[in-house]
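Engineer: Each chain, letter by letter, is given below.
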Amino acid sequence: MLPSRADEAGLLRQIAAGDDEAFSLFYREHLDAVVVFFARRVGDRELAFDLTAETFAAVVVSAGTYSGDAPAVAWLFGIARNKLRESLRRDRVADAARRRLGMEPIALDDAALAHVETRAGSGESDLTRALEALPEATRSALLARLVEEQDYGEIAARLQCSEQVVRQRVHRGLKTLRANLREEA
Amino acid sequence: MNNNGDVFDELEIQLRGAVRARRRVRPPWLRRGHRRTPALVLIAMLVITAGALAAGGVIQIGAPAEPRGSSESSFYALKGGGIVKGTVRLLAVSTPDPVGGPPWGMRVLSTKRGEGCVQVGRLLDGKLGALGQDSAFHDDGQFHEFAVNTFGAERACTLLDGNDRLFLNAVVGDIPASAWTESYADKGCVPSTAGPYERFAEDGKRKPYPVCPQADERNLYYGLLGPAAKSITYVFDGQTHTQPTTGPEGAYLLVTKASPTQLFNFNAGGTQDVVPVDGPITELHYRDGATCHLTSKSWIGGKYACTPALNVPVGWVPPRTPVPSAAQVASPVHVRLIHGRFGGYEAILQFTSRIAISKASSSYTVQWHESGQPPQVNGFGPPRPLFPAVGQIETMRLGRGGPGRGLHRGTTTGEVFFQDQSGPGNLEEAGGTIRHTVGRFRVVVP
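Line order of the protein sequences matches chains Z and S.
Heads up, the final residue of the first sequence is numbered 185 in the working numbering, and it's a clean run with no missing numbers.
Heads up, the final residue of the second sequence is numbered 446 in the working numbering, and it's a clean run with no missing numbers.
For the record, the hints were derived by calculation from the structure and aren't laboratory data.
One thing to keep in mind: the hints can contain errors.
[Unchecked claim] Distance windows between CB atoms, simulated:
no., chain 1, residue 1, chain 2, residue 2, range
1, Z, E117, S, Q392, 44 to 50 Å
2, Z, E46, S, G391, 55 to 61 Å
3, Z, G10, S, G126, 49 to 55 Å
4, S, P260, Z, E154, 25 to 31 Å
5, S, R20, Z, E154, 46 to 52 Å
6, S, G86, Z, G10, 38 to 44 Å
7, Z, K175, S, G86, 48 to 54 Å
8, Z, R99, S, V390, 58 to 64 Å
9, S, H369, Z, G10, 55 to 61 Å
[Unchecked claim] Footprint (simulated), chain Z over chain S, 3 or more residues, beta carbon under 8 Å:
no., stretch
10, 10–20
11, 344–357
Small disclaimer: the values here were computed from a predicted structure and weren't measured.
Glycine included, each C-beta is placed from N, C-alpha and C at the ideal position.
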């Protein structure tokens, strides 16, 4: 079960206070989702690992800035998107957070890359299956809004429909997901 | 080094070590409590300001609320082709705010692309606008009339029917009581359900926009049911109410406080439909005595819209613009590969538009299939031009940005379509949607 917003805010405060157990809980809760997020966008296991490492390092560096106004997962994916955008702009993954923490580079051999592959595949969760079951138009709108956090105007232009249609698809997609996940539970 | 353990375990060990190390180096000014204080003070100031406003009872008129060069401000000009002169009208709808202050109202207008739009905002002296509160307009406490090309607190558009009438029902959540959502660049708070992107706080380097106090967030349920409508019945807090619709537009507007746990919110959007769904409205009453009972399946539209069946809104007339045939839109599609910005290849599609596209409800779209990949719909950005004249060259791009995100190697095949949604409600499932093939293409990506 996902921790509540209050629980996650508490975890991040503990991380900011130097509690590595709290970090471990947060890391394990969100690791698969972050790896899948990057793997699907960059299509490269090494790059996906690098971006994941830098994202969680940024969590360590900036846990104290989490205000608790938005869900922690939204905050985390805000960092992830920013890292991705930055890497696209510079054509390389920044390692500022890892350097700041004094972390050693992790070399990736074939076995390590296989682990990344496995993690990336672990996104085949109930949620992923429920998402895949949505109509294409609904899924596109839902992911663009909730994962990529594009604004409605942007999504409407991309999907060539009105903003209200996008809003409706997002809303209905969520309703369907909620109903389907309840059925599976 | 990684042969025996999961590389992510190794990462976790390193990160845990970094967390422990930071326990020793955290500067005291970052300790819990210090950083929250300014936010608490700010919220307290907001509450005091709002209280003073309400207590004062007199609201001064400030500068007009103009769009600030955002994509939103260009909406009517670009997608709408401009606003038709003389069509901007304030409706005789006035709905009290659940907390107080000026009532809420609605304004309608038509665009040159055949759409009608509704804007919602606060009403003062027969004008629609926003209030200087909730961080909007520097909390000046004044009333700012909406310029015609703003969105207002909320804006919904759909295709006008054959009699140039607007039929539309919308639900939107988490709107600030200020009624100002046009441009966050011009300040104003964002709901707590907004993500870091909307809060402008994703990288922690800039000052994020303030979060609206929950007490200042509203849900809006509004619509135009047409001249045949007489009244609506809705349920608030277990109490059933019936209220007449307003004017020949059959307008209604309900405003409630938003709940922090509601499903539709800033992130999840609202809905727009041929009948009012996902809201508190349970029945629509018409002048001829008919009643539409909204069911839990109403959102599907068509035969599910109401009990008894109501396939289109009462009084709605199909648009009179003829829809082109498949033969009229057919045109050879040419494809060429270019090097993508991030490596790999993108495909450029070009064809001659055999028809003029002048309505917002018509467009070209593309569906393609890359070797070994699931089908993709829509290109990389909208087709250019969006509204071509007869004989104009239309261009579309296929591919995605990002390292290794060009088209996949192998054969890519696809089809360009002309699509027209002329049914009520601007929704594919509401019927009236046609799709003709313009042409097919095939390209081998090296």
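Engineer: Now, for every hint given, state plainly whether the structure supports it.
Structural biologist: Here is what the structure says about each hint:
The given range of 44 to 50 Å is respected by Z:E117 and S:Q392, whose C-beta atoms sit roughly 47 Å from each other. Taking the beta carbon of each, Z:E46 and S:G391 are about 49 Å apart, not inside 55 to 61 Å as hinted. At about 51 Å, the beta-carbon gap between Z:G10 and S:G126 stays in the expected band of 49 to 55 Å. A C-beta distance of roughly 26 Å is found between S:P260 and Z:E154, which places it inside the suggested range of 25 to 31 Å.
Distance hint for S:R20 and Z:E154: a CB-CB separation of about 41 Å, inconsistent with the stated range 46 to 52 Å. One distance hint, 38 to 44 Å for the beta-carbon pair S:G86 and Z:G10, is violated here, with the actual separation near 58 Å. For the hinted restraint 48 to 54 Å between Z:K175 and S:G86, the CB-CB distance of approximately 40 Å leaves it violated. For Z:R99 and S:V390, the hinted distance range of 58 to 64 Å is satisfied, since their beta carbons lie about 59 Å from each other.
Between S:H369 and Z:G10, the C-beta spacing of about 47 Å breaks the proposed range 55 to 61 Å. Three residues within the 8 Å Cβ limit are the bar, and the stretch 10–20 of chain S against chain Z gives 10, so the coverage statement holds. Restraint check on the stretch 344–357 of chain S versus chain Z: 0 residues with Cβ-Cβ distances below 8 Å, three needed, restraint violated.
The structure is inconsistent with the numbered hints 2, 5, 6, 7, 9, 11, although it conforms to all the rest.
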